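Asker: In case you want the letters, here they are:
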Amino acid sequence: MDNPVSKYLSAQYDSMVNWVNGNIDPLTDEELQMELSPGKNHGIWILGHLIVSDDDFSLYMGKGDLLFPEYYEIFGAKSKIQPAESYAPATLLRKQWKEVVEKSKKIYAELTDEELKQPHAKIEDFENDFFKTKENIAKFWQLHQMYHAGQLSVLVSRAGKSAY
Amino acid sequence: MDNPVSKILAKQYVESVGWTDWILRTLSDADLKLEIAPGKNHGVWILGHLIACEDDFTLFMGKGELSLPKYQELFGEGSKLLPVENYPPVSDLREKWNDLIRRNKKVYDNLNDIELIETQAQIEKNDFWKTKEDIAVHWQHHLMYHAGQLGILTSKAGKIMTPQN
Numbered sequence: 834m835d836n837p838v839s840k841y842l843s844a845q846y847d848s849m850v851n852w853v854n855g856n857i858d859p860l861t862d863e864e865l866q867m868e869l870s871p872g873k874n875h876g877i878w879i880l881g882h883l884i885v886s887d888d889d890f891s892l893y894m895g896k897g898d899l900l901f902p903e904y905y906e907i908f909g910a911k912s913k914i915q916p917a918e919s920y921a922p923a924t925l926l927r928k929q930w931k932e933v934v935e936k937s938k939k940i941y942a943e944l945t946d947e948e949l950k951q952p953h954a955k956i957e958d959f960e961n962d963f964f965k966t967k968e969n970i971a972k973f974w975q976l977h978q979m980y981h982a983g984q985l986s987v988l989v990s991r992a993g994k995s996a997y
Numbered sequence: 004m005d006n007p008v009s010k011i012l013a014k015q016y017v018e019s020v021g022w023t024d025w026i027l028r029t030l031s032d033a034d035l036k037l038e039i040a041p042g043k044n045h046g047v048w049i050l051g052h053l054i055a056c057e058d059d060f061t062l063f064m065g066k067g068e069l070s071l072p073k074y075q076e077l078f079g080e081g082s083k084l085l086p087v088e089n090y091p092p093v094s095d096l097r098e099k100w101n102d103l104i105r106r107n108k109k110v111y112d113n114l115n116d117i118e119l120i121e122t123q124a125q126i127e128k129n130d131f132w133k134t135k136e137d138i139a140v141h142w143q144h145h146l147m148y149h150a151g152q153l154g155i156l157t158s159k160a161g162k163i164m165t166p167q168n
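So the protein lines, in turn, are chains A and B.
Following our numbering, the numbering of the first sequence begins with 834 at its first residue and continues without gaps.
Following our numbering, the numbering of the second sequence begins with 4 at its first residue and continues without gaps.
Hint data in this document are derived by calculation from the structure and do not stem from the laboratory.
As the structure is a computational prediction, the values presented were derived from the model and not from experiment.
A few of these clues could be false.
[To be verified] Only pairs whose alpha carbons sit at most 20 Å apart, straight line, appear in this in silico PhoX-like list of lysine-lysine:
#1 B:Lys83 with A:Lys965
#2 A:Lys873 with B:Lys14
#3 A:Lys840 with B:Lys14
#4 B:Lys83 with A:Lys994
#5 B:Lys73 with B:Lys99
#6 B:Lys162 with A:Lys873
[Claimed, not checked] Label pairs and their in silico Cβ distance ranges:
#7 B:Lys109 with A:Lys931: 37 to 43 Å
#8 B:Asp112 with A:Phe959: 25 to 31 Å
#9 B:Glu121 with A:Glu943: 25 to 31 Å
#10 A:Lys931 with B:Leu84: 48 to 54 Å
#11 A:Ala942 with B:Gly81: 32 to 38 Å
[Said to hold, decoys possible] For the chain A half of the interface with chain B, some residues (derived, Cβ under 8 Å), not all of them:
#12 Tyr841
#13 Met849
#14 Leu976
#15 Met979
#16 His981
#17 Gly983
#18 Val987
Backbone N, C-alpha and C define an ideal beta-carbon position, used for all residues, glycine too.
Bound conformation, chain A alone:
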């Protein structure tokens, strides 16, 4: 069994991470504190949100616990934005982002196509669940990260470090 879909998703994950890193790495710690617009999300929150979103991938895939459960509330989708200095320092967040990516890469490396068709591990009501399968979790989690990479790119641009 050569698991073509799993291999595809794994390669696509790597491509997504490269793109996200291409928008984190050019930003200094200070630039990450910039807001997208006044009173809106800053780069620190977005980076923390990327960490949380890759961290809970393992919960939905049934592949282990969160590395940073303390972030679940402060950087979750509905969390209230606080001033950038109230969060963990950017250096720590950068390191933790790499750690959750390593965890997810291992999950992708061991995935099988049979597994992808299974209900995801946090499902309660299959019929009414938006995601239903592990395959959908993988796809939507990756698309979600790209969505926020596009937002970080606005900071890269505001910092004068990109063409547009």
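Take the given structure of chain A and dock chain B to it, following the hints.
Answerer: Leaving out everything else, chain B in the frame of chain A:
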């Protein structure tokens, strides 16, 4: 041959377009004229840019010519940002976006996995991407990347994203 990779790409295309459409439906024509940051791209340029990219997908996949060649100049990567009134009206852009999505859904529906590992059709002009699979992945990621920027406009316009939008 059941083409499992083509099928997941086709599904993912529908999902990424669905996500982007949801944001576009939430934004009024006036909201799309907002800039994502002062002096930076406005929603009209981003929508036009998404159209230009959906359009040249067909060239890279070897599935036909551009529908809107002028949009490559107006909205291609590196094109100079002009005030919104220099671009086609938002209603036209929305219509052209929908037309190209319909066209590309057909491209995805007819894909097969052998084709995906073929060399992409514009390799002589641009060899950054090697295969047709690389093109599909990159074009979809690019779409979500700009969808995230349009998401900033929903927030600036004070629009709440609800499933009914």
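Asker: Next step is simple, just say for each hint if it's right about the structure.
Answerer: A quick look at each hint next to the structure:
no. : hint                               : in the structure
1   : B:Lys83 with A:Lys965              : 43 Å, violated
2   : A:Lys873 with B:Lys14              : 32 Å, violated
3   : A:Lys840 with B:Lys14              : 17 Å, holds
4   : B:Lys83 with A:Lys994              : 17 Å, holds
5   : B:Lys73 with B:Lys99               : 13 Å, holds
6   : B:Lys162 with A:Lys873             : 13 Å, holds
7   : B:Lys109 with A:Lys931: 37 to 43 Å : 40 Å, holds
8   : B:Asp112 with A:Phe959: 25 to 31 Å : 27 Å, holds
9   : B:Glu121 with A:Glu943: 25 to 31 Å : 29 Å, holds
10  : A:Lys931 with B:Leu84: 48 to 54 Å  : 34 Å, violated
11  : A:Ala942 with B:Gly81: 32 to 38 Å  : 37 Å, holds
12  : Tyr841                             : 5 Å, holds
13  : Met849                             : 6 Å, holds
14  : Leu976                             : 5 Å, holds
15  : Met979                             : 4 Å, holds
16  : His981                             : 6 Å, holds
17  : Gly983                             : 3 Å, holds
18  : Val987                             : 5 Å, holds
Hint compliance for this structure: hints 1, 2, 10 are not met, and every other hint is.
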